[in-house]
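Participant: Residue-level listing of the chains:
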Amino acid sequence: MAVNAPPAETKPLSANDPQTIAEQIKTKFPDALESASAQGIVIKRDHLLEVARHLRESLTFDYLNNVTSVDFPDRFEVVYHVSSIDRGGAPLTLKVNAARENPVVPSLVPVYRGADFQEREVYDMMGIRFDGHPYLRRILMWDGFEGYPLRKDYHEPYFEDEKKPFGTRWDQGHHVIAEDRNPWHDNVQYPANFDAVAFKAQIDTVREQTLPDVSPTRLKTEKMILNIGPQHPSTHGVLRLKTTLDGETIVGVEPVLGYLHRNHEKIGERNTYLGNIPFTDRLDYFTSMNNNHAYVIGVEKLMGLRVPERAEYIRVIMAELTRVISHMALMGFMYNDLGAFYTPLIYALEERELVLDMFEAASGSRMMCNYMRFGGVARDLPDGFLDKAKHLVEERFPRVLDELETYLTGNEIFLARTKGVGVISREDAINYSTAGPVLRGSGAKYDVRRAEPYSIYDRFDFDIPVGTAGDVRDRFLMRLWEARQSLRILKQALKDIPAGEIMTGKKNYQIRVPKGEVYGRGENPKGELGFYIVSDGTPNPYRYHIRAPSFINLTALDRMSKGYKVADLIIILGSHDVVMGEVDR
Amino acid sequence: MAFKIPGVLVGMGITLNRVIKTFQGDFKHFGRRYDQKALDERQSVYGSGIFTVQYPEEKLKPPENFRFIPFLVYDPKLDESGKPVIDAATGKEAIGYERCTSCGICAKVCPPQCIWIVRATTPEGKPKPECTEFYIDIDVCMNCGYCAEYCPFDAIKMDHDYELANYERHVSHIYDINTLMKSSTYHAQIHPLDVAREKADKEAKEAAKAKKA
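Residue numbers (the numbering used here), protein chains in the order written: chain A, 1 to 585; chain B, 1001 to 1213.
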């Protein structure tokens, strides 16, 4: 029996139907529409802002999922995905065309603050200017960089060919190591007349901070810039936080990103569809199974593939096991950030180790699983996997979670450091496009597994826990509660998993993906992970964009930490659960 | 109001419990901590206490599906009694039949493209289904296992040998055909279940063929 049929009891999708929405927009703004189809509503550039405002305020599309752009031969296209937190359903696609010469599009930051970093990324990568953006600067590349890497005519310094497989690699029969092909110094492109000595990065400019005078005393104080990172153990990788301080109080935080940037999206566009699966492992390396899952869901949607029942169960089991260990590890890491070095973390990592061993037995690798394929999974579960998983889910993990709860959540120091710290309201959490536990910790009940059920999540009985205060403690508790819900799903999945095929059709390395575009998404432990894929019918994706939850969650960091002390910033960042492999891509 | 144990004591109690547990395994497997039987128990999901091993003195056997750097499989030359002949020069089993046909699927499917193949030619210059040279740059290889997964001839498989450190990388990290060639006996050792499955599949296919004919 094949699945993937739309679940019967999903919330009415008609409310998000592009045609209906297009009609509503048309009556309100008669000349705003260019066209409307199932692929999305194309809006005229001059009307974008008012249409977005109308969508948000009158039609309750209060959540901006994703902003990206596509480089077509004749134009640039900026693509927005918006949805409603309460209504759920598939996101509505909005598009705006921009001219090839000097592309400008109005910025959506006044309507959706979550567009901030995403528009900066589009500007950085594609060179589209956003009119009205408060701080339009490069975000992933360095200040003096020339060119827009994701444009189709951009060639990287080590450019070999437009698409893989690169013909240059094996025809001479001789091996040339990478350094010989790109000698040292030739592997970087500099702008013409670039003078490295005279070049000054804009390190002293700080984003305009708008906060009323926080200093309670009337002393004359001077603001100070403090750089935390990029090499700092509490930033979970190479992340720099440019912090403006008034005394010890935070006035503004600007994350400086891109230290781990490798242009995953360009690599993905050069790569084949199949070749991208192992690369998705390296995005958020804590949750490679979930990354695989979201990506194959996207491509399967395009291909119209149906996945065998057993494979769907295996996918869910793997994804939920990953969620449990990722959340457990985060609880340990947060204690690390608070100064309880390693004891809680090692307790959590011990359990993670057991699951990683099982992943290794099933997929061949502990972290870079590369386990899912289009139409199924790579190989069947090894002997004894289900028994071990049952023991973990039914006996060991509930015990461990209880233990973690007992000695972590009630701790006086923990409560003093986290209660009422890093508060973000429900409205702000939604408006800043945060996702996952950060969003739900503020009380917004939004989980992709329920909002737009993918795979077989509609069959399981589980709740979506939500916080109330929106502070660090609630975000910590979200992890605990969500891990418990994952165990509930796992119990059901392990009970119901059927025997049978694990793959549709024969294994084939030449994947045919029909023309079209898709936004495939899944609920990662960090939030909504989306893959926007445009196919032109060739073996390589034409556009491959990733909505990285960690990256977009960082947009709200500034909002969350204003008014708190420097020491709180570390735990506020810790409660985001950022993984730099995904933030910088 | 009932007496409430302070949170600090609860936390310390849990830590103390852990400390005691770490010694439990020591006493239970006294002197035999690294025996396979003890390891299997300590390392499993049913175990408790310390489950670490003292690498590199003690090593764990990787699971069968573990994948690390591909190798090429050849069938060894057999003597009259059916035993593999050992090549005196190399000390390895002599090559009887090379499975690789130089079709190039592994090189095409490889995401980072670390495989180079040169196809063999007959003296007249016609291509032969064999390879004369086969290189893998193991610094580039990302161990995804696609080559082994999509090889139609079962000629390339993933290895279990993960200790590849070297003092330089320009020569010793480019594996050529001599390094890559490993006997099917070795493959059967590290992948017993896979080989049994392949054999069963083959026999079933042949049986079906015979039935048809």
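Hints were generated in silico from the structure; no laboratory data involved.
Owing to the predicted nature of the structure, the values given are computational and were not obtained by experimental measurement.
Certain hints may be false.
[Said to hold, decoys possible] Subject to a maximum C-alpha distance of 20 Å in a straight line, what follows is the list of computed EDC-like cross-link-like pairs (lysine to aspartate or glutamate): (1) Lys507/A x Glu1198/B; (2) Lys1059/B x Glu353/A; (3) Lys1021/B x Glu350/A.
[Said to hold, decoys possible] Across the chosen pairs, the derived CB separations fall in these ranges: (4) Tyr1167/B x Pro191/A: 33 to 41 Å; (5) Asp402/A x Pro1056/B: 33 to 41 Å; (6) Glu23/A x Ala1208/B: 29 to 37 Å; (7) Glu1133/B x Gln510/A: 44 to 52 Å.
Glycine included, every Cβ here is placed at the ideal spot set by N, Cα and C.
Participant: The structure should be examined with respect to each hint, and the outcome stated for every one.
Facilitator: Hint check:
A distance of roughly 15 Å separates the Cα atoms of Lys507/A and Glu1198/B; the hinted pair therefore holds under the 20 Å criterion. Under the criterion of a C-alpha separation no larger than 20 Å, the hint pairing Lys1059/B with Glu353/A is consistent with the structure, at around 16 Å. Taken as a hint, the Lys1021/B and Glu350/A pair is honoured in the structure, with Cα atoms around 14 Å apart against an allowance of 20 Å. Between Tyr1167/B and Pro191/A the CB atoms are about 39 Å apart, so this pair conforms to the stated range of 33 to 41 Å.
One distance hint, 33 to 41 Å for the beta-carbon pair Asp402/A and Pro1056/B, holds here, with the actual separation near 37 Å. Distance hint check for Glu23/A and Ala1208/B: the Cβ-Cβ separation is about 59 Å, which falls outside the suggested range of 29 to 37 Å. For the pair Glu1133/B and Gln510/A, the supplied restraint of 44 to 52 Å is violated, since their beta-carbon distance comes to about 25 Å.
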